[in-house]
Amino acid sequence: MHDLILAIMSKYNYWIYIVLLMIGLYAMMVKKNLVKKIIGMNILQTAIILFYISVSAKKDGTLPIIIHGPHAGHHPVRAADYINPLPHVLMLTAIVVAVATLGVALALAIKVYQQYGTLDEDEIHTRIRK
Amino acid sequence: MKIIGFIIVLLCGGLLAYATSDFPYWGDPASPASMHVSAYYIENAVADTSVPNIVTAVLADYRGYDTMFETAVIFSAAIACFFLLRIFTPESSQSKLYRHIPTGITLRIAPGGKLPEKSDTFERIDSSWVPHDLIIKTACRLFIPFIQIFGLYVIAHGHHSPGGGFQGGVILGASIILFAVSNDLRSTISRMGEKITAFLCSAGVFIYAGTGALCILLGANFLDYGALASLMGVDPVSARSHGILIVEIGVGITVMAVMVSLYYILSSGGQLDEGL
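Going down the list, the protein sequences come from chains H and A.
Mapping the first sequence onto the working numbering, position 101 (from 1) lands on 149, and the numbers just tick up by one.
Mapping the second sequence onto the working numbering, position 60 (from 1) lands on 105, and the numbers just tick up by one.
Hints are computed from structural coordinates only; laboratory data are not their basis.
Each residue gets a CB set at the ideal place from its N, CA and C atoms; glycine is no exception.
A few of these clues could be false.
[As the list claims (entries may be wrong)] Residues of chain H clear of chain A, computed beta-carbon distances all greater than 10 Å:
(1) Lys-59
(2) Ile-97
(3) Leu-167
(4) Ile-176
[Said to hold, decoys possible] Covered stretches of chain H, going by a simulated chain A footprint (3 or more residues, C-beta under 8 Å):
(5) 63 to 77
(6) 82 to 93
Start from the sequences and build out the full structure, keeping to the hints where you can.
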């Protein structure tokens, strides 16, 4: 039992991302309202971003900006001193793309609302069949 | 449907939780993601590009193609929103609301009715009626210049501190959206029109791709900023730093214009007449 709790606690970042991803996936699949589906998509994207950022962390590592300046002195750069910059770069662009997809998704939702007068999925289906 | 969805979500979460046992511990310096190429970036970024912020160096130099097409993605998102929602309605087809400023009386002008002449006594207001909001307008007028200065600082100082084109562009776009929220959409569009936002959207992508093409003309590979050294009169390593700055400015312009045009189109339902 003690080992199990230790295993969970030492990897809690993964558990948080799994819970967020499950919430987002559930909202995308089950919710009937289109805006709630879009919110679910955003929660899922946030889970992925959290996963990448937490993978990039290093114990005793500082943020990935090389210490510089007139008083910083010269010392060799060791990779273990700085956290991994690559996931940060990937997620920086992923956040912007998330905003862009959110914009397009909201535009589609507005268009659907203008056409059918509702955002409820079942209602839209019945109105399409008419 | 709810139960099926719940079972699928549980299965998915169970699989991910099962895979967690193979993942590295939190903060492990020897995790697989930190082993291969990232160590090279950390140890050589300053020597290669003279940019201390490794994220900026990787974003605009080592992974320049990725960022260029990322910029193209948000550009095409703005274009997609424009095509989905933008509608051009004739000016006189809707009823409009005007407020007589000295008395506070609101007039509704029917479609085709005679509009009051442009003067200081009448102002156009949105159909969702809004009261006078002197405090909000004044406070936002005081805030906006400082927000814009900060946005420019974040773009220009992205080499040495956290920041860069994406973040600074979003801050600049947010300042203009704040103006549109605190005043109204029409007065914002009269300052920063739809054509200007569309021009800036494409100008940023053009600056980025044009910098890359300039490197080809100077005899290097696409986006190999070291070739710009002969134009700038500096050594190739600081030419990379300057090339990154040019590219970040292009990214900032595109991101700002995309944020603003997305807000214009989404908040007004494509009419660009009455916003939030």
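Results of checking the hints against the structure:
{"no.": "1", "hint": "Lys-59", "verdict": "6 Å, violated"}
{"no.": "2", "hint": "Ile-97", "verdict": "14 Å, holds"}
{"no.": "3", "hint": "Leu-167", "verdict": "14 Å, holds"}
{"no.": "4", "hint": "Ile-176", "verdict": "18 Å, holds"}
{"no.": "5", "hint": "63 to 77", "verdict": "holds (count 8)"}
{"no.": "6", "hint": "82 to 93", "verdict": "violated (count 0)"}
Hints 1 and 6, counting from the list given before, are not met by this structure.
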